[in-house]
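Participant: Here the UniProt record's numbering is used: the first residue of the sequence shown is 1, the next is one more, and so on.
Please note: incorrect hints may appear among the correct ones.
As the list claims (entries may be wrong) - What follows is a set of in silico ranges between Cβ atoms, one per label pair, in the way DEER data are often shown:
#1 39 with 11: 18 to 26 angstroms
#2 22 with 88: 33 to 41 angstroms
#3 19 with 87: 50 to 58 angstroms
#4 76 with 51: 22 to 30 angstroms
#5 58 with 37: 19 to 27 angstroms
#6 80 with 20: 49 to 57 angstroms
Said to hold, decoys possible - Under the rule of at most 27 angstroms between Cα atoms (straight-line distance), these lysine-lysine pairs were calculated in the DSSO-like manner:
#7 19 with 31
#8 19 with 35
#9 35 with 22
No lab work stands behind these hints, which were simulated from the structure alone. Because the structure is a prediction, the values reported are computed rather than measured. Even for Gly, the Cβ is constructed at its ideal location relative to N, Cα and C.
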Amino acid sequence: MLVPLDIVSAYLRAIEASKHAKSLRVFFDWKDYLKFYQLGTYWPYTPSIHLLYGLRAALDLIFEEGLENVIARHIYLGKAWSMVLETQYVPST
Numbered sequence: 001m002l003v004p005l006d007i008v009s010a011y012l013r014a015i016e017a018s019k020h021a022k023s024l025r026v027f028f029d030w031k032d033y034l035k036f037y038q039l040g041t042y043w044p045y046t047p048s049i050h051l052l053y054g055l056r057a058a059l060d061l062i063f064e065e066g067l068e069n070v071i072a073r074h075i076y077l078g079k080a081w082s083m084v085l086e087t088q089y090v091p092s093t
């Protein structure tokens with residue numbers, strides 16, 4: 001299973017609150033992230049390079065096609081898929 005690619009952001013108040021939190025941090029800790037950020041270095045954890053390449057390719061496609069067209073296509077395909085499911089799996093009365 002692949003680790004998902006997440007874009008991380010937080011309010012300063014939330015970051016301050018995390019400094020006093022007692023919960024165990026297994027995967028992500030703001031303290032580690034901010035330390036490396038202030039040093040001017042990169043992500044302190046193992047980067048998912050293949051996911052970054054995938055994100056770049058997806059963004060290239062969005063810029064090429066245009067965001068409005070991408071959204072319209074997804075709406076169209078979503079409706080088409082819903083129609084397929086309705087005809088295949090909804091019993092007729």
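Participant: Compare the structure with each hint and give your call.
Facilitator: Structure-based check of each hint:
Between residue 39 and residue 11 the C-beta distance comes to about 23 angstroms, which sits within the given range of 18 to 26 angstroms. Against the hinted window of 33 to 41 angstroms, the Cβ-Cβ separation of residue 22 and residue 88 comes to about 51 angstroms, which falls outside the hint. Judged by the Cβ atoms, the range 50 to 58 angstroms given for residue 19 and residue 87 holds: they are separated by roughly 55 angstroms. Residue 76 and residue 51 have their C-beta atoms about 27 angstroms apart, which keeps the hinted 22 to 30 angstroms range intact.
In this structure, residue 58 and residue 37 meet the distance hint of 19 to 27 angstroms, their C-beta atoms being roughly 25 angstroms apart. A beta carbon spacing of about 50 angstroms between residue 80 and residue 20 agrees with the range 49 to 57 angstroms that was offered as a hint. For the hint pairing residue 19 with residue 31, the CA-to-CA distance comes to about 7 angstroms; that is within 27 angstroms, so the pair holds. With a C-alpha separation of about 13 angstroms, the suggested pairing of residue 19 with residue 35 holds against the 27 angstroms cut-off.
Restraint check for residue 35 and residue 22: the C-alpha separation of about 19 angstroms stays at or below 27 angstroms, so the hint holds.
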